[in-house]
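So you can see what is in the structure, the chains are spelled out below.
Number of protein chains: 2
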Amino acid sequence: MSKTRVVIGIDPGTATTGYGLVRMNSHSELEEVDYGVVTTPSDWEEPRRLLFIYHALREIVEKYQPESCAVENIFFQRNVRTAMRVGQGRGAALIAMATSNLPMGEYTPSQIKQAVVGYGNADKNQVQQMVKLLLDLDQIPQPDDAADALAVAICHLHTSQKMTT
Amino acid sequence: MSKTRVVIGIDPGTATTGYGLVRMNSHSELEEVDYGVVTTPSDWEEPRRLLFIYHALREIVEKYQPESCAVENIFFQRNVRTAMRVGQGRGAALIAMATSNLPMGEYTPSQIKQAVVGYGNADKNQVQQMVKLLLDLDQIPQPDDAADALAVAICHLHTSQKMTT
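Residue numbers (numbering that gives the first Met the number 0), protein chains in the order written: chain A, 0 to 164; chain B, 0 to 164.
Honestly, the hints are just simulated from the structure, not real lab data. Be a bit skeptical, because a hint or two may be false.
Copies of the same chain look alike in the list, so a pair counts if it works inside one copy or between any two.
Taking lysine to any residue and the SDA-like style, the derived pairs with C-alpha atoms no more than 25 Å apart in a straight line are [unchecked claim]:
1) 123 to 64
2) 123 to 80
3) 62 to 47
4) 62 to 15
5) 62 to 98
Taking the hints into account, I'd like the entire structure generated from these sequences.
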């Protein structure tokens, strides 16, 4: 029987960084630990926003002590300007995880859909419905960035479980 | 007569981050303080590379105690994949600067060329030649990322001087 594991999923950004912590218990059942978003005011300068995200994520990791983290691989999306901003937020998240010595898993959007819904072309709503179902929640987690973060955490638990069994 | 000022310019990246420190003395003359690059091995995982950049830049700031920093605004360049990677490196640099409470100036490529060479469409070689000349160096600073970092530091000193006089 495998041990209980807690992982943190992150949906990076500068304005809004989603996070979601999921526990897999010794029966391989998933449980929501916590989820939410770190938001930074748009009138703050970028360095201050990134530092805030870094500290906020470190506090969350400190509180829940996950054993690893997972982040969506978003290199294939969006326009250049958005990519640069998301990259900066992603950098803040990755440094926070590295400071805490957390191993990181990276997953493409289709890997996440495959792991959560069962097929790689699932739409956003299907992913969110499955997150609600798998974590036995009363409603779809809000906001979307938090639901996305939970989805990548679930993907990480499913994938790394397969890898180690 | 204005006081002596030291600023750090940064040319962000994940593989190579250029930095350049320039002093403006009380006669408004520019002097090179230090320059170089922080490089990270390509076989390291991204979080480790970003954390390394963060720590390396913090050490440099600790050593030279610049009063402010300057970074090129590169939101209008490159492809999405490159933009994301540069964004991550830029995030690491910005968090390092914010941790040290350094105010930051951002300049577009044409602002830097205008400030260093005198016109916004100057080519890379003209910028490098002017960096060499302005800092009274024996040769063009190498590698390119270090020269670019010195250029943005010079731009910052020229621009912020104009702003405050």
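We went through each hint and held it up to the structure:
Within a single copy, residue 123 and residue 64 get their C-alpha atoms no closer than 29 Å, and across copies no closer than 48 Å, so neither meets the 25 Å cut-off. Taking identical chains as interchangeable, the C-alpha atoms of residue 123 and residue 80 lie at most 25 Å apart whether they share a chain (23 Å) or sit on different chains (23 Å). Both within a single protomer and between protomers do residue 62 and residue 47 lie at most 25 Å apart by alpha-carbon distance, with minima of 23 Å and 22 Å respectively. Proximity of residue 62 and residue 15 under a CA criterion of 25 Å is satisfied intra-copy only: 20 Å inside one chain copy versus 34 Å between copies.
For the identical chains of this complex, residue 62 and residue 98 are neighbours both inside a copy (15 Å) and across copies (22 Å), given an alpha-carbon limit of 25 Å.
Going through the hint list in order, the structure does not satisfy hint 1, though it satisfies all others.
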